[in-house]
Amino acid sequence: MESATAAETAAMPRGVAHLKDELDIVIPTIRNLDFLEMWRPFFQPYHLIIVQDGDPTKTIKVPEGFDYELYNRNDINRILGPKASCISFKDSACRCFGYMVSKKKYIFTIDDDCFVAKDPSGKPINALEQHIKNLLCPSTPFFFNTLYDPFADGADFVRGYPFSLREGVPTAVSHGLWLNIPDYDAPTQLVKPMERNTRFVDAVLTIPKGTLFPMCGMNLAFDRDLIGPAMYFGLMGDGQPIGRYDDMWAGWCIKVICDHLGLGVKTGLPYIFHSKASNPFVNLRKEYKGIFWQEEIIPFFQSVSLPKDCTTVQKCYVELSKMVKEKLTKVDPYFDKLADAMVTWIDAWDELNPTGASVANGEAKNGVYVNVVDRVREAFKTEEVVRLDCSHAGTNDCKKIGVKLRDLVPCVPIMFKDEQIILWRGKKDQELNSVMDPATSP
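One point on numbering: in UniProt numbering, the residue at position 245 of the sequence shown is 245, and numbering is uninterrupted.
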């Protein structure tokens, strides 16, 4: 097997760079980013956030022509102050700092040893384009469709799929896969040192509600508004008793929160070409404790039940940190420290993203809208018309909020003015179609 070359990707027809103003690409690295040359046709239209791991005095070279910000450990310490303690050092878990400082709706993160893969016909795969498709199409976590993603070209809901569930739910996470070097743990690497993944499975599926999965961070995209505050990759690497569990920890956390909030997680396409096998003996030292701990960590997450009043990602995550402290500290004192770091992470996130926390105080901007829906419904019990202040969300987001509220409350948005929405509860016996379409109104 081989990856696509820079010449092969350069020869690809240039398509539309979807969401180029709404998506950041986050790359953790300790080396020069020559690998970007083969990704240039796909990545160059987008903004990159590069998080340098390790020695901050080392110069990281980035090929010319890319729009990027580069943060090293000194920058992390300067920006977060004492809260920088929650960001891992000498571990790729540092990538989550990039999620925190981004101001875009979507994130795609990739490792610097991941190259452009080819599909079975030999065509280079634009992984980012497929991730965007996954995120923009609904998920179906409540009932499994045997044709996998019913929103994919050439597929649909099979006979017997409940019509009441066919609308789906918003997709929070798109988890891609890898050709060549598989993402194995150290014991499996040692047993199968020459094994390579050559199987290209042309499928995307929604991971069912109540099912956990081992998330890999090397080819991952997510909706930052929907699930960003839970994408914390934990305390790993330098000074910690465990490594290589950063992405999996985040995956377990986001999955129970997505299940609670009614959000979807997809896995499958797109593939990247994973070029370099890490040292299994080094990996074993990093993973050793985790291999034993996971036999208690996973049952813990399988048993998590979040309270109904946890209606935002932040509330869910803080509540989850309390459960970690209560239930997992008996496994090892490390989890007490990790639980504290989870709270610090949320504090730092809210400090850098103040408008993402609330909507009369901005509360709809985290993409879940649950608090706002409840408040509007409550107000409609005594008022026929409600005014919603979206001054912290911005004009475009204000209109998006109106669209969501129209469908979720339901209600009729009748005016958008000065970053405020005027909502009419409508007549109980009427079909609630908007008097004014939020997507097209001035």
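Careful, some of the hints might be misleading.
Claimed, not checked - Think about it this way: if two alpha-carbon atoms lie no more than 20 Å apart in a straight line, the pair counts; the simulated EDC-like pairs of lysine to aspartate or glutamate are:
1) Lys103 x Asp347
2) Lys83 x Asp340
3) Lys20 x Asp185
4) Lys289 x Asp332
5) Lys90 x Asp67
6) Lys404 x Asp374
7) Lys58 x Asp21
8) Lys315 x Asp347
9) Lys337 x Asp238
10) Lys20 x Glu69
11) Lys105 x Asp21
12) Lys276 x Asp185
13) Lys276 x Asp21
14) Lys123 x Glu2
15) Lys209 x Glu195
16) Lys133 x Asp185
Honestly, the hints are just simulated from the structure, not real lab data.
A quick note: this is a predicted structure, and the numbers were derived from the prediction, not measured.
### Task
Below or equal to 20 Å on CA atoms is what counts here, so check Lys103 against Asp347.
Answer holds: Lys103 to Asp347 is near 17 Å, not above 20 Å.
#### Entry: Given pair status - Asp185, Lys276, alpha carbons within 20 Å
Holds. Lys276 to Asp185 sits at ~14 Å (cutoff 20 Å).
### Task
For the pair we were handed, Lys404 and Asp374, check the Cα-Cα distance against 20 Å.
holds, 13 Å
### Task
With a cut-off of 20 Å on the C-alpha distance, tell me whether Lys83 and Asp340 pass.
Status holds; Cα separation ~11 Å.
### Task
With a cut-off of 20 Å on the C-alpha distance, tell me whether Lys337 and Asp238 pass.
holds, 14 Å
### Query
Holds or violated: Lys315 with Asp347, Cα cutoff 20 Å?
Between Lys315 and Asp347 the Cα gap is close to 11 Å, so the pair holds against 20 Å.
### Query
Has the given pair, Lys20 with Asp185, been kept, meaning a C-alpha gap of at most 20 Å?
violated, 35 Å
### Distance restraint between Lys133 and Asp185, which requires alpha-carbon spacing of 20 Å or less
violated, 30 Å
### Query
Within 20 Å, alpha carbon to alpha carbon, are Lys209 and Glu195?
Given pair Lys209, Glu195 is violated - Cα atoms ~32 Å apart, limit 20 Å.
### Query
Is the hinted pair Lys58 and Asp21 satisfied, with a Cα-Cα distance of at most 20 Å?
With a Cα-Cα distance of about 30 Å, the restraint between Lys58 and Asp21 is violated, given a limit of 20 Å.
### Distance restraint between Lys123 and Glu2, which requires alpha-carbon spacing of 20 Å or less
Holds, at about 12 Å.
### Message
Run the distance test for Lys90 versus Asp67: straight-line Cα separation, threshold 20 Å.
### Response
Violated, because 25 Å separates the two Cα atoms, which is more than 20 Å.
Hints 3, 5, 7, 13, 15, 16, counting from the list given before, are not met by this structure.
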